[in-house]
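Listed here are the chains, written in short residue letters.
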Amino acid sequence: MSVNSLHYHYDVPGDDFTRAGMASSAVKQTLKQLGLDPETVRKMSISLYEGEINMVIHAGGGEIDVDIDDEKIVAVLTDHGPGIENIELAMKEGWSTASEQVRGLGFGAGMGLPNMKKYSDDMKIDSKPGYGTIVTVVVKIAN
Amino acid sequence: MLIKDIQKILDAELLVGKELLETEVHTACGSDMMSDVLAFVKDQAVLITGLLNQQAIRTAAMMDMVCVVFVRGKHPDDDIIEVARENGIAVMTTTQRMFTACGMLYEAGLNGGLATK
Chain X
1 MSVNSLHYHY
11 DVPGDDFTRA
21 GMASSAVKQT
31 LKQLGLDPET
41 VRKMSISLYE
51 GEINMVIHAG
61 GGEIDVDIDD
71 EKIVAVLTDH
81 GPGIENIELA
91 MKEGWSTASE
101 QVRGLGFGAG
111 MGLPNMKKYS
121 DDMKIDSKPG
131 YGTIVTVVVK
141 IAN
Chain P
1 MLIKDIQKIL
11 DAELLVGKEL
21 LETEVHTACG
31 SDMMSDVLAF
41 VKDQAVLITG
51 LLNQQAIRTA
61 AMMDMVCVVF
71 VRGKHPDDDI
81 IEVARENGIA
91 VMTTTQRMFT
101 ACGMLYEAGL
111 NGGLATK
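As given, the protein sequences belong to chains X and P, one line each in that order.
According to the numbering used here, the first sequence is numbered sequentially starting from 1.
According to the numbering used here, the second sequence is numbered sequentially starting from 1.
One chain only, chain X, in its complex shape (with noise of 0.2 Å):
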């Protein structure tokens, strides 16, 4: 693949939990048309998902923009919900704020930072509480 540099953005609702991942569903099908290996385009996608359903459960929706070169992918997810009170809690599997109604949908097992850490080959998360979160995921592009 050569690409210089591509930019993606994408508004992510917060009101309708079954729609959430059309964003990530859209980057998956852009990053497969690129020809990137299956395995990127898995990695991305999967912590990508896990972003954009945590945006919507946790914080009313949000934004996320991608940007693509010949090495990596870099995603930011930002919202303005009310922020991470604990980081370090917020990292460790099985922990959860996430309400019973989330849970009953299927999410909230406290494992979605945890996923985009494990899949991602570079994670920042930055929050203050009142204001919202940045998390900002890169997933390095194989040769």
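Be careful, since some hints might not be right.
Claimed, not checked - With the Cβ distance kept under 7 Å, some of the chain P side facing chain X (calculated, not the full set):
1. Met34
2. Leu38
3. Asn53
Unchecked claim - Some, not all, of what chain P presents toward chain X, calculated at C-beta under 10 Å:
4. Thr23
5. Ala56
6. Ile80
7. Asn87
What the hints assert, rightly or not - If you want the footprint, here are the derived chain X segments under chain P, 3+ residues with CB under 8 Å:
8. 23 to 33
9. 40 to 51
These are calculated hints, taken from the structure and not from any lab test.
The beta carbon of each residue, even a glycine, is placed where N, CA and C say it ideally should be.
Fit chain P to the known structure of chain X by using the hints.
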């Protein structure tokens, strides 16, 4: 095993993905918790679930799965089927319960595959 074998073994109703019936699959996982599917599954081709919403299909799509089986007689609505169609996933529904459906498929040769590290 082919997807059409799954349909036969579970006496399932195929709702979308007729063109995928001859697709060969080797591994499956059963779960109602999509977070766990995303965390612990690798290279499995079939998702057996009782979770009836679009996220079951989207999760399968993210994991490159090709078939979703809804158990306990759950019947997805048109929106769910449409998401499956867009993502090239065969969907079927069976009246079998989760444990029994998994057992029948396992006995017939479908296995759990490898867990992620």
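Against the structure, the hints:
For Met34 of chain P, the suggested interface contact is upheld, since its CB lies about 4 Å from the closest CB of chain X, less than 7 Å. Because the smallest distance between the Cβ of Leu38 of chain P and any Cβ of chain X comes to about 5 Å, under 7 Å, the interface hint for this residue holds. Given the 7 Å rule on beta carbons, the hint for Asn53 of chain P holds: about 6 Å separates it from the nearest Cβ of chain X. Checking Thr23 of chain P against chain X: minimum C-beta separation of about 16 Å lies over 10 Å; hint violated.
Hint status for Ala56 of chain P relative to chain X: holds, with the closest Cβ pair at about 7 Å, below 10 Å. Contact between Ile80 of chain P and chain X, as hinted, is supported at the beta carbon level, the nearest pair being about 9 Å apart and thus within 10 Å. Given hint, Asn87 of chain P at the interface with chain X, holds; its Cβ is 7 Å from that chain's nearest Cβ, closer than 10 Å. Here the region 23 to 33 of chain X counts 3 residues with a CB under 8 Å from a CB of chain P, which clears the bar of 3, and the coverage holds.
Residues of the region 40 to 51 of chain X with a Cβ under 8 Å from some Cβ of chain P number 5, which satisfies the need for three, so the listed coverage holds.
Hint compliance for this structure: hint 4 alone is broken.
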